[in-house]
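Novice: Protein chains in written order, with my numbering: chain H, 1 to 114; chain S, 1001 to 1112.
Keep in mind that the hints are not guaranteed to be accurate.
Selected chain S positions facing chain H (Cβ under 10 Å, derived; list incomplete) [unchecked claim]:
1) Leu1019
2) Val1020
3) Gly1041
4) Ala1091
Hints were generated in silico from the structure; no laboratory data involved. All residues carry an ideal CB built from backbone N, CA and C; glycine is no exception.
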Amino acid sequence: EPEVTQTPSHQVTQMGQEVILRCVPISNHLYFYWYRQILGQKVEFLVSFYNNEISEKSEIFDDQFSVERPDGSNFTLKIRSTKLEDSAMYFCASTRDRGSNEQYFGPGTRLTVT
Amino acid sequence: KQEVTQIPAALSVPEGENLVLNCSFTDSAIYNLQWFRQDPGKGLTSLLLIQSSQREQTSGRLNASLDKSSGRSTLYIAASQPGDSATYLCAVMNTGFQKLVFGTGTRLLVSP
Chain H
1 EPEVTQTPSH
11 QVTQMGQEVI
21 LRCVPISNHL
31 YFYWYRQILG
41 QKVEFLVSFY
51 NNEISEKSEI
61 FDDQFSVERP
71 DGSNFTLKIR
81 STKLEDSAMY
91 FCASTRDRGS
101 NEQYFGPGTR
111 LTVT
Chain S
1001 KQEVTQIPAA
1011 LSVPEGENLV
1021 LNCSFTDSAI
1031 YNLQWFRQDP
1041 GKGLTSLLLI
1051 QSSQREQTSG
1061 RLNASLDKSS
1071 GRSTLYIAAS
1081 QPGDSATYLC
1091 AVMNTGFQKL
1101 VFGTGTRLLV
1111 SP
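Turn these sequences into a full structure, and let the hints steer you where they fit.
Specialist: See below:
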């Protein structure tokens, strides 16, 4: 069964460093998402991406964040200058159709900022 | 702003019991509602998706219902098993948006 994959599974970085989190969505899906979950808190939406552009973003997704689909398979989230409060589990998700189909989530990348 | 609440926060039952998890949302203008399972330190596994026009969906021992007008959904798990132990999350997508808004989850423990 197709699945969303994410790399790395765990990333440790120092405050102020740039990180890139990578995702490979399910191949025939058209909508891509990033969510995050700070330990013990709710899963929060960051950004959605469709047709090579951001279609929706939250207040969390400020100028320090960017997303890209550099080729036909990868979907990346870049954090330019990490802060301690960026420490969280980051989930990538994809769906074939915006509302008619389930969003499928990857296993997540645990980001630890020290 | 959509707010999603799940009760109870935690639930412990013996194996074999039927149980109900509750989800409520403040804005009834939803496009769909999705139930997920999350194992500790893991990703989210989709269990069921209910469109706003539907009343319920079933998958195996799971049955999810939706009452959009009252802002409620329930997840019914029949004949619970220790392998059902996980956190169950409810998430809604509002009409006109693409994001899912998540509840805080119900942590379920099924003991043998």
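Novice: Are the hints correct? Go through all of them and say.
Specialist: To see whether the hints hold, each was checked on the structure:
Because the beta carbon of Leu1019 of chain S sits about 22 Å from the nearest beta carbon in chain H, more than 10 Å, this interface hint is broken. Annotation: interface hint on Val1020 of chain S violated; nearest CB of chain H at approximately 21 Å, more than 10 Å. For the restraint placing Gly1041 of chain S at the interface with chain H, the shortest Cβ-Cβ distance is roughly 8 Å, inside the 10 Å limit, so the hint holds. Hint on Ala1091 of chain S holds. Least Cβ distance to chain H is approximately 7 Å, under the 10 Å limit.
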